[in-house]
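Peer 1: Model the full structure from these sequences, guided by the hints.
Remember, the working numbering sits 6 above the position in the sequence shown when you count from 1.
Calculated from the structure, these hints are not laboratory results. Certain hints may be false.
As the list claims (entries may be wrong) - Here are the in silico distance ranges between beta carbons for each label pair:
#, residue 1, residue 2, range
1, 152, 125, 33 to 41 Å
2, 32, 172, 48 to 56 Å
3, 167, 191, 17 to 25 Å
Beta carbons are placed, not taken as given, at the ideal position from N, Cα and C, and that holds for glycine.
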Amino acid sequence: MTTPASQVRLLIVDDHPLMREGIAAVVQHQSDMCVVGEAANGAEAVERHAELQPDVTLMDLQMPRMDGLQAMQRIRQRTPHARMLVLTTYRGDIQAWRALKEGATGYLVKTTVRTSLVDAIRMVHGGGRWVPSDIAVEIARHAGDEMLTDREVEVVRYIALGHSNREVGALLSVTEDTIKARMKSILLKLNARDRTHAVTIALQRGLLQL
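Peer 2: Okay, structure coming up:
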């Protein structure tokens with residue numbers, strides 16, 4: 007299928023067919039953009055991007071087989087200047103920071119697709135960045151914070167599922183004292199009062215998805 011040279015060619019990547027349909031429905035009313043392809047997971051996105059070479063890729067983060075962050079890494083290895091606009095349900099600054107670090111040029115929460123998608127696509131295609139102001143403020147506010155290690159994130163995830171320190175230690179094959187030490191580090195890094203507060207913060211900031 008050929009498209010007018012003036013149109014922005016879009017690849018939609020999302021594991022939910024209804025979401026892809028909804029995005030396409032918003033786009034079809036715009037004379038300056040069109041959908042040239044779709045993908046249902048990250049691995050498929052990498053293949054479709056190489057095949058279609060879209061102007062802008064709309065990328066979900068949470069998908070089977072390969073997530074959006076991994077897909078962006080692979081795509082940018084082949085096409086360093088690829089323009090990608092992340093679409094996600096998560097407002098957390100950590101998810102946004104990770105996406106931007108991996109090369110996303112825009113970050114859009116799915117609940118704002120109908121009101122902001124078209125403007126975001128035009129901004130990203132034009133070489134700019136699109137990050138909601140509230141998320142940008144949170145990224146800036148936590149810019150100097152020390153990040154949790156992968157092991158610490160594991161601990162928070164098990165705590166969120168209701169496990170005690172002793173149970174988490176058994177699950178991770180370490181001592182209870184080791185978990186207590188990690189919890190102290192987690193509380194300090196997240197500026198949390200206690201375990202429950204740490205889980206709440208981790209969820210709010212997009213560090214944890216349950």
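Peer 1: Each hint needs a verdict: does it hold in this structure or not?
Peer 2: To see whether the hints hold, each was checked on the structure:
no., hint, in the structure
1, 152 with 125: 33 to 41 Å, "holds (35 Å)"
2, 32 with 172: 48 to 56 Å, "holds (50 Å)"
3, 167 with 191: 17 to 25 Å, "holds (20 Å)"
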